[in-house]
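*Asks:* Two chains, two separate frames, one set of hints: put the complex together.
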Amino acid sequence: MANLRDKYCIVGVGETAYTRNSGRTTRAMGVEAVRNAMNDAGLSPGDIDGMLSYHGNDSTSATAISSDLGIRVNFYMDVIGGGSSTEALIGMAMGVMEVGMCRTVAIFRSMNGYSEVRIGGTGARAATPVRGSELATRPYGMLSAGQNFAPTFMRHMHDYGTTSAQVAHVKVAHSKHASNNPKALLKQRVSVDDVLNSRWITKPLHLLDCCLETDNATCIIVTSADRAKDLRQRPIYIMGVAGRVSKPRADFHFVHGPISRVAGYYAKDIVFPMAGIGPEDVDVTGSYDAFTFTTMLQLEEYGFCKKGEGGTYVSSGIIELGGQRPNNTSGGHLCEGYTHGMNMVIENTRQLRGLVDDYCPRWQDGIHTYDYSEGQCRQVKDPEITMNLGWANPTTGSALILRR
Amino acid sequence: MQAQHRGMNLIVPDNDTEWKGYFEAAREHRLVMKQCRNCDLLRYPPGAACPWCTSLEWIWQDVTGKGTIHSYEIVMQAIQAGFREWAPYPVVLVELDEQRGQPSADEGLRLISNLVSDDFTAEKEENVAIGKRVEVTFLDVSPEFSLPLFKLSQEPPQGPVWQFK
Chain A
4 MANLRDKYCI VGVGETAYTR NSGRTTRAMG VEAVRNAMND AGLSPGDIDG
54 MLSYHGNDST SATAISSDLG IRVNFYMDVI GGGSSTEALI GMAMGVMEVG
104 MCRTVAIFRS MNGYSEVRIG GTGARAATPV RGSELATRPY GMLSAGQNFA
154 PTFMRHMHDY GTTSAQVAHV KVAHSKHASN NPKALLKQRV SVDDVLNSRW
204 ITKPLHLLDC CLETDNATCI IVTSADRAKD LRQRPIYIMG VAGRVSKPRA
254 DFHFVHGPIS RVAGYYAKDI VFPMAGIGPE DVDVTGSYDA FTFTTMLQLE
304 EYGFCKKGEG GTYVSSGIIE LGGQRPNNTS GGHLCEGYTH GMNMVIENTR
354 QLRGLVDDYC PRWQDGIHTY DYSEGQCRQV KDPEITMNLG WANPTTGSAL
404 ILRR
Chain B
1390 MQAQHRGMNL IVPDNDTEWK GYFEAAREHR LVMKQCRNCD LLRYPPGAAC
1440 PWCTSLEWIW QDVTGKGTIH SYEIVMQAIQ AGFREWAPYP VVLVELDEQR
1490 GQPSADEGLR LISNLVSDDF TAEKEENVAI GKRVEVTFLD VSPEFSLPLF
1540 KLSQEPPQGP VWQFK
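Going line by line, the protein sequences match chains A and B. Add 3 to a position in the first sequence, counting from 1, and you land on the number used in my numbering. Add 1389 to a position in the second sequence, counting from 1, and you land on the number used in my numbering.
Next comes chain B alone, as it looks inside the complex (with noise of 0.2 Å):
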């Protein structure tokens, strides 16, 4: 798999036995993590062994895409030059619902993502913060290649909201 996303060329091969179940699904628009045949885990991002039992068998099992953003930034002066029109934006990092606190209590299923309005345009900076509730969408780059990306969804905030001013 191969797209052109602001200006980058992405690149997944087909031995890329990271990545390239994670995009295949996204093409169908799933999210899916690597869960461990094992012990049940699943695991982001999607490493060679399951880093809590070192098994190399794993399967794609689909999540729900459902998360509270952790932490964020808005960039303001983009560095890749695809970028430059789309900035400022925002770089969440979101924990998914899915295995929260688990193995260990710090532990989580985190994804550095964009947040996005529907129309896929830069989440304005007043509407994110840290505890708001997102869920994923996809950005269809070309028909190949599809990128997960999360918008602001109507459940009610994880705990308080806070907000970098």
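Isolated chain A (complex conformation) (with noise of 0.2 Å):
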């Protein structure tokens, strides 16, 4: 199969706020969050032929959004998954154009993360009965994504010496990234002591360790070059996507060890080859942040570090604004708000356009300060180049190269 690269392009992102209590039913926001897509790509109703969502039995239909923006679909699928599913979806978003299928999709997810269906797993979903694959870590306690995750970051911890205060640094540089986000949800810069000094959660993981649950809708447009050359903004194009690589055992990854690594390790093996780059080519990244340390083991197993020496680079101020590759200027789930991957790759897609929404008074022009402090710029100085890497869980990831 002949090689996709920069045959397809992101030409439209939309989100709608993000808070803990939105008031209204996940179809209301994702057509919000579809809708502003096409308004920024420059795109009608008539333009949208196919459309993907993703959903862990909280969200709504494509066919319900779809219909409410007038859209009649050639395509359509809703999938059920979590986190890296928006890389996953834009990489299949590409084959079904590729086949004819359709020729423009529309990417949602729309969830009442914090005021619905918690996605930590308290409320509703705690009180499910317990039967099947869950037997083996529900009747432990072993339940919510903090709770399934720590043991691999207790045994990183065991395996390299990875501390508590070098993540906690992940914390810091998305805060102070958030505080320059008129859209974060928690805007306030917080120190390694903040995060350390915060209640603890599952040791070793602290409350501010955790990421944001959220109520929001988000939306991607994926469309061909050639037709992405007409539209509103600059084309961003795809330049390498691996969806959903996993480790062996993926039902139980804990036997197929060493526990302390994660799916990124196939997964670059795929993207860069793609992409035909290296991390060292890549100006900003995205690493899923779910947690402080799922940032921190993505990008050293993507080798932007060594193995092992994730800890290190993450709180070496190379991934703050400012640094030599920021990571999630957004702030990400920890800060910005929790999408299940989405706003990273909206984030990304910004960057790479230079019209990052920032406190910058001229950002609709793309006239920024590059002034990073607290209520200023966030807009990297002309990147090139953007990495995303999506988490689902240390057996599961996804990764996106895209370039302007």
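Some clues are possibly wrong.
As the list claims (entries may be wrong) - Which chain A residues face chain B? A few, computed with CB under 7 Å, are given here:
hint: 1; residue: Thr140
hint: 2; residue: His259
hint: 3; residue: Ile273
Stated by the list, open to error - Here are the simulated lysine to aspartate or glutamate pairs, DMTMM-like style, with alpha carbons at most 20 Å apart:
hint: 4; chain 1: A; residue 1: Lys250; chain 2: B; residue 2: Glu1496
hint: 5; chain 1: A; residue 1: Lys310; chain 2: B; residue 2: Asp1495
hint: 6; chain 1: A; residue 1: Lys206; chain 2: B; residue 2: Glu1515
hint: 7; chain 1: A; residue 1: Lys206; chain 2: B; residue 2: Glu1514
It should be emphasised that the hints constitute simulated quantities derived from the structure, not laboratory data. Just so we're clear, the structure is a prediction, and the values are computed from it rather than from any experiment. Every residue gets a Cβ at the ideal spot worked out from N, C-alpha and C, and that includes glycine.
*Replies:* Rendered as structure tokens:
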């Protein structure tokens, strides 16, 4: 099969406000996000003929969203999935267009992740009967994402000497970025001590090591590079994608170690050759921050530093705005809001356009101050290439490389 | 089989070909693994085929229930309501002695469980560490249902002991 590098583009992005009490349906939010992305791209309902979404039985079907907006689709699917689905669905959209099933695909995720179906597993999710594969973990009080991932981080600390203070720098960096993001749910900058002094959730995780449950909807529109040329925004080219790549024994990854290894170990060998670049060519990363340590684990697994040196990498200043390779410049899941990965791809798209919505008075004209002090700029200067590292869990991940 | 445990409804239907034999053995206080009848490898969790040779034929094989803590966490804030009074509690990843490093170096029979003391209270945090030796014990949740848990054994640790500070 031919390499599809640079053949498809992200042409529109949009979202709703990030809140903890949307007061409306996932349908209403999803419609707004798709509409915002259409307006961003300069597309009308008749231009969209494909729709993809992902959900955990907590969202609205593409049939409802497309109908409300008067879109008749030639292709749609609602896929069950959480984190790392964003990049995977972008890859699926490319494939669907490549075989001619449709021409332009809107990908959305809509969830009342705080006010309705709580992502952390509390409420209704904690009360469901325990059967099948859940019998391996839930009877032992292991249910939430934090509880499921913690032994991986603990073993990494054991294997490599990684510390809580090192990964706390991820929260510090992302809070710095969020302080320059008017959309961010948490805009206050925090220190390493703030993270270490926040209450324990499950040792080794503090409260501030964990992301935010959030109500929101998000949308990304993908079409061919040919069609992208005539649209409102500068096309952002998809150089490479890897979707939901998994470790062996994905049903229970603990049995196939090293358990401190994550799926990027396998995904990197797909996405980098496809894009024809290496980690050293990437200007901005979007390493999924379900927790501080998930950002760290993926950055090292994809080769932004040596395996085992992720703690040093994330605490070195490299990942902060003004550093060599900032990560999650919107504040990500730890500070902007939790979207199962969508907002990190949206942010990187805006970075490559030079149109990040910060507090610079003329950001809409692409004019930025590059002053990264609090309440100012979060645009990286002239980024050429960004990379998203999507995370579902230690065993499954996705990756996406974009260029301007 | 069905049981109420810490507010959860645990269900093992008669047609649960993965878990039924596991919990039938647990009721007799035996820890068993599925063993492939073709290549003899043990597997956990009890999936429907052998992940190394795809054989669909298996038997339940007793294991010693002895192992080593491979990783762990101390849950401070319980998510499930029934665990709130039990927190803080340790969740341990136990690597059993059988089939360590087989069929490849990084593989093993590893189970998630709780580390408990002799009276089935949560083991104290200061006693939980990677490398410590453990053995299976069974909590009788009801006359029909027992849950495999682990407790510290008298054996010396496996290599250096490591604890989160």
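*Asks:* Does each hint hold? Answer for all of them.
*Replies:* Consistency of the hints with the structure:
A cut of 7 Å between beta carbons decides the hint on A:Thr140: the least distance to chain B is about 5 Å, and the hint holds. Restraint check, A:His259 versus chain B: the minimum CB separation of about 5 Å is within 7 Å; hint holds. Taking 7 Å as the C-beta contact cut-off toward chain B, the hint placing A:Ile273 at the interface is violated, the least distance being around 21 Å. Simply put, A:Lys250 and B:Glu1496 have alpha-carbon atoms about 12 Å apart, close enough for the 20 Å limit, and the pair holds.
The straight-line distance between the Cα atoms of A:Lys310 and B:Asp1495 is roughly 16 Å, inside the 20 Å bound, and the hint therefore holds. With a CA separation close to 12 Å, the supplied pair A:Lys206 and B:Glu1515 stays within the 20 Å bound. At roughly 10 Å between alpha-carbon atoms, A:Lys206 and B:Glu1514 fall within 20 Å of each other, so this suggested pair holds.
In terms of the numbered hints stated before, the structure departs from hint 3 and from no other.
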